[in-house]
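Enquirer: One letter stands for each residue in the lines below.
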Amino acid sequence: MSFLHLWAQNLPAFWQGVEMTLELTALALLLAVAFGFVLALMRLSRLRLLSLVATIYIEVVRAIPVLVLLFVAYYSLGQIGIQMSGFTAAVITLGVYYATLYGEIFRGGIEGVQYGQREAAEALGMGSQAIMRRIVLPQAFLAILPPATNELADLIKDTSLVVTIGVADLMFQAYQASAANFHPMDMFLLAGIMYFVFYLVLSQFLTRWETNVQRRRG
Amino acid sequence: MHLAWLYAGVILQGAVVTLELTVVSTVLSFILGIFGALGRIYGPPWLRTAILAYVELIRGLPPILQLFIIFFGLTQFGIDLPPFTAAMIWLVIYGTGYAIEVFRAGIQAVADGQREAATAVGMGFLSTLRKVVMPQAFVLMLPPLTNFVIIQLKNTTLVYFIGVADIMYQAQLGADATEQPGTLYALAAVAYLIMNGTLSRIAAHLERKAAAYR
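Residue numbers (the numbering used here), protein chains in the order written: chain A, 503 to 720; chain B, 10 to 223.
Next comes chain A alone, as it looks inside the complex (with noise of 0.2 Å):
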């Protein structure tokens, strides 16, 4: 039993490494969240250019893989004087990323949307904004809600890409750790754990969450 001593003489350090991975993956969400929502609103707009230049974007970056977006921020940008912390650049990286993904997300949400909804609010004298905010945004909620948790799992996962650069999340404290007692097995098992409780807690206890909001908006 000797993988349990060791997990408990690294437990803090490994705790502090949560802290850290719990940390990005908030900071990221917010970016992600409000960067997609503009994203899915450019892509809605009547401006062909507005639209335009919006796809182009969701494509482009969707097509590299996180790890090279998140290289060019943290040395590519720093060539051309743009110096950023692991932990800034990270979180630009996977908020930039995350925003392609979240901002289909948003705009099949809001297509989704009957159009004989927003047609009723007109018709009712609503103004455009207050039919986005109380007709379109409410409706389009429910449809956003499931898929949007789906990319939440993904995004807690890729935050541990940044033990490449030095971020002291949770994936570098089993690093560290693996290569300074040899037992590499037993600390990558213990972050796994931690990890999968993670991704438990947002399939399920989310998914939960998501039935009853469902049930309940009927």
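In short, the hints are calculated from the structure, not lab data.
Since we're looking at a predicted model, the values are computed, not measured.
Just so you know, not all the hints are guaranteed correct.
Only part of the chain A face toward chain B is listed, based on derived beta-carbon distances under 7 Å [said to hold, decoys possible]:
| # | residue |
| --- | --- |
| 1 | I566 |
| 2 | V570 |
| 3 | F573 |
| 4 | V574 |
| 5 | S662 |
| 6 | H685 |
| 7 | P686 |
| 8 | M687 |
| 9 | G694 |
| 10 | Y697 |
Stretch by stretch, here's where chain B covers chain A in the computed footprint (C-beta under 8 Å, at least three residues) [to be verified]:
| # | region |
| --- | --- |
| 11 | 578-591 |
| 12 | 664-674 |
Computed beta-carbon distance windows for the label pairs [to be verified]:
| # | chain 1 | residue 1 | chain 2 | residue 2 | range |
| --- | --- | --- | --- | --- | --- |
| 13 | A | R718 | B | G87 | 54 to 64 Å |
| 14 | A | E525 | B | R57 | 34 to 44 Å |
| 15 | A | S587 | B | V199 | 25 to 35 Å |
| 16 | A | I584 | B | P152 | 32 to 42 Å |
Every residue gets a Cβ at the ideal spot worked out from N, C-alpha and C, and that includes glycine.
Mind docking chain B on chain A? Use the hints.
Expert: Same frame as chain A, but now just chain B:
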């Protein structure tokens, strides 16, 4: 710009490794994925549970953690895999988890009536599967399957960390040697952009052709 030309050849060498990893692991994952999906749907309860647990485990853990378990973790038990082998094993293990879900969804999306009709005209389980279910499921599965190839291609970027000489690895070597990371990583990004763009084109073409069989 001069630098980009200088390193284009090396990046191309990396692209060959990336492509090799992607293609071989995709083919193996598809084969294992079909069997996994069949076991998940038609197998005995214990097998279904085991496959479900496997899929959840693969989907719940970060890809890089799985790679580290195979490459670094196994050394604790004296199993010292060469980087390329470890990378390939990881890509197949990871890809199979996702492929099972794609095939399962595809097979289950074919209407039950089709299966019943085939049974009614006296077709056995295997020929029903091969001649009735699979051809229809395949058309449905084309978009997720091509998506799978793109995800697998993106996943190969992680293997640079254990020393497999893919695009990412070559770009990093170049970046360290020239102290011009901007150019090198931009070059890597373009390489991935071209490969993924080509894949999406092929996928769109296949889907157009497959639509005729619907």
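Enquirer: Going through the earlier hints one by one, which of them does the structure break, listed in rising order?
Expert: none
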